[in-house]
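Peer 1: Sequence:
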Amino acid sequence: MKTLTTIYQRLLDHYGSRGWWPAETPFEVVIGAILTQNTNWSNVEKAITNLRHEEALSLETILKLSTEQLEKLIYPSGFFRQKSERLKWFCAHLQEHYQGNLDSWLQQDLDQVRSELLSLKGIGPETADAILLYAGQRLSFVVDAYTGRLFSRLGLLTGKEKYAQIRSMFMNELEPNVQLYAEYHAQIVIHCKECCRKNRAAKIVHYRISVLTLE
DNA sequence: GTCCAGGGCCTAC
DNA sequence: GTAGGCCATGGA
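Sequential numbering of the first sequence, starting at 7, is according to the numbering used here.
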């Protein structure tokens, strides 16, 4: 039995399917992926609610809004100056090179799209992979801080691996299935949040709850 | 009051 | 190539 698959099954059995990403459209996934950088999702929700209320969850509106207006709407998500720029840069690129058609961009050659995403200021590996996987339904595993901490705690990582190494570990072992990748990342986040909620002070220790104990 | 969240960039060594 | 500082709000 493959270890990563076993852990996934135990998480899924325990928490149930989460059906990530929490967004109504692929474009909204992009917005959320940028806004959630180093930020609690509850704060992102406030920002997205503001954007939705102003009908600003579209490429056209975000490009049309002034920087000050956009900053004000996304203010609750923190780092609002950086993030407003990042949103505008992304939208400008999408408009200029793909006439605003997100899907036509994301369905191109995977390595090429990923490199192009990473070339944009403010789009790092995690944000790029979240966009590829959840907005584009492309086979690109998302690694976040939780992933490193949890799998280090489980003894499958040392804690010194870089992003690319962790991503490769998952992509080499898991079957190539977009829904599996999507659900696995969701399960990791849900599990780690739950562990933090139960005991913030000792979150590392509590990552290894009974459902994950490997026999 | 303190800690930290579903990162990423820039600058020093 | 990498460690450290910086960005900012809001909930626990």
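It is worth saying that the hints were derived from the structure and are not from the lab. Heads up, a few of these hints could be off.
[As the list claims (entries may be wrong)] Taking lysine to aspartate or glutamate pairs in the DMTMM-like style, the calculated list, with each CA pair at most 20 Å apart, reads:
no. : residue 1 : residue 2
1   : K199      : E132
2   : K70       : D19
3   : K168      : E179
4   : K199      : E179
5   : K78       : D117
6   : K127      : E181
7   : K127      : E61
8   : K78       : E60
9   : K52       : E30
10  : K8        : D19
11  : K204      : E179
12  : K8        : D115
13  : K94       : D109
14  : K78       : E66
15  : K166      : D150
16  : K94       : D115
17  : K52       : E74
18  : K199      : D19
19  : K199      : E122
20  : K52       : E102
21  : K166      : E181
22  : K127      : E60
23  : K94       : D150
24  : K8        : E122
25  : K78       : E102
26  : K94       : D117
27  : K199      : E181
28  : K199      : E189
29  : K166      : E132
30  : K52       : E77
[Unchecked claim] Ranges of calculated distance between the beta carbons of each label pair, as one might list FRET restraints:
no. : residue 1 : residue 2 : range
31  : E102      : G130      : 18 to 26 Å
32  : N107      : T164      : 36 to 44 Å
33  : Q171      : T67       : 36 to 44 Å
34  : R87       : E51       : 19 to 27 Å
35  : Q101      : L124      : 30 to 38 Å
36  : E60       : T9        : 33 to 41 Å
37  : T9        : L116      : 22 to 30 Å
No residue lacks a Cβ here, since even glycine has one placed at the ideal position from N, Cα and C.
Peer 1: Hint by hint, say whether it matches the structure.
Peer 2: Outcome of the hint check:
no.	hint	verdict
1	K199 / E132	holds (18 Å)
2	K70 / D19	violated (45 Å)
3	K168 / E179	holds (17 Å)
4	K199 / E179	violated (25 Å)
5	K78 / D117	violated (35 Å)
6	K127 / E181	violated (32 Å)
7	K127 / E61	violated (25 Å)
8	K78 / E60	holds (11 Å)
9	K52 / E30	holds (15 Å)
10	K8 / D19	holds (17 Å)
11	K204 / E179	violated (31 Å)
12	K8 / D115	violated (29 Å)
13	K94 / D109	holds (18 Å)
14	K78 / E66	holds (18 Å)
15	K166 / D150	holds (14 Å)
16	K94 / D115	violated (24 Å)
17	K52 / E74	holds (17 Å)
18	K199 / D19	holds (17 Å)
19	K199 / E122	violated (31 Å)
20	K52 / E102	violated (29 Å)
21	K166 / E181	violated (25 Å)
22	K127 / E60	violated (26 Å)
23	K94 / D150	violated (24 Å)
24	K8 / E122	violated (33 Å)
25	K78 / E102	violated (25 Å)
26	K94 / D117	violated (24 Å)
27	K199 / E181	violated (26 Å)
28	K199 / E189	holds (15 Å)
29	K166 / E132	holds (17 Å)
30	K52 / E77	holds (13 Å)
31	E102 / G130: 18 to 26 Å	holds (21 Å)
32	N107 / T164: 36 to 44 Å	holds (42 Å)
33	Q171 / T67: 36 to 44 Å	holds (39 Å)
34	R87 / E51: 19 to 27 Å	holds (20 Å)
35	Q101 / L124: 30 to 38 Å	violated (19 Å)
36	E60 / T9: 33 to 41 Å	violated (46 Å)
37	T9 / L116: 22 to 30 Å	holds (26 Å)
The structure fails to meet hints 2, 4, 5, 6, 7, 11, 12, 16, 19, 20, 21, 22, 23, 24, 25, 26, 27, 35, 36 from the earlier list, while all remaining hints are met.
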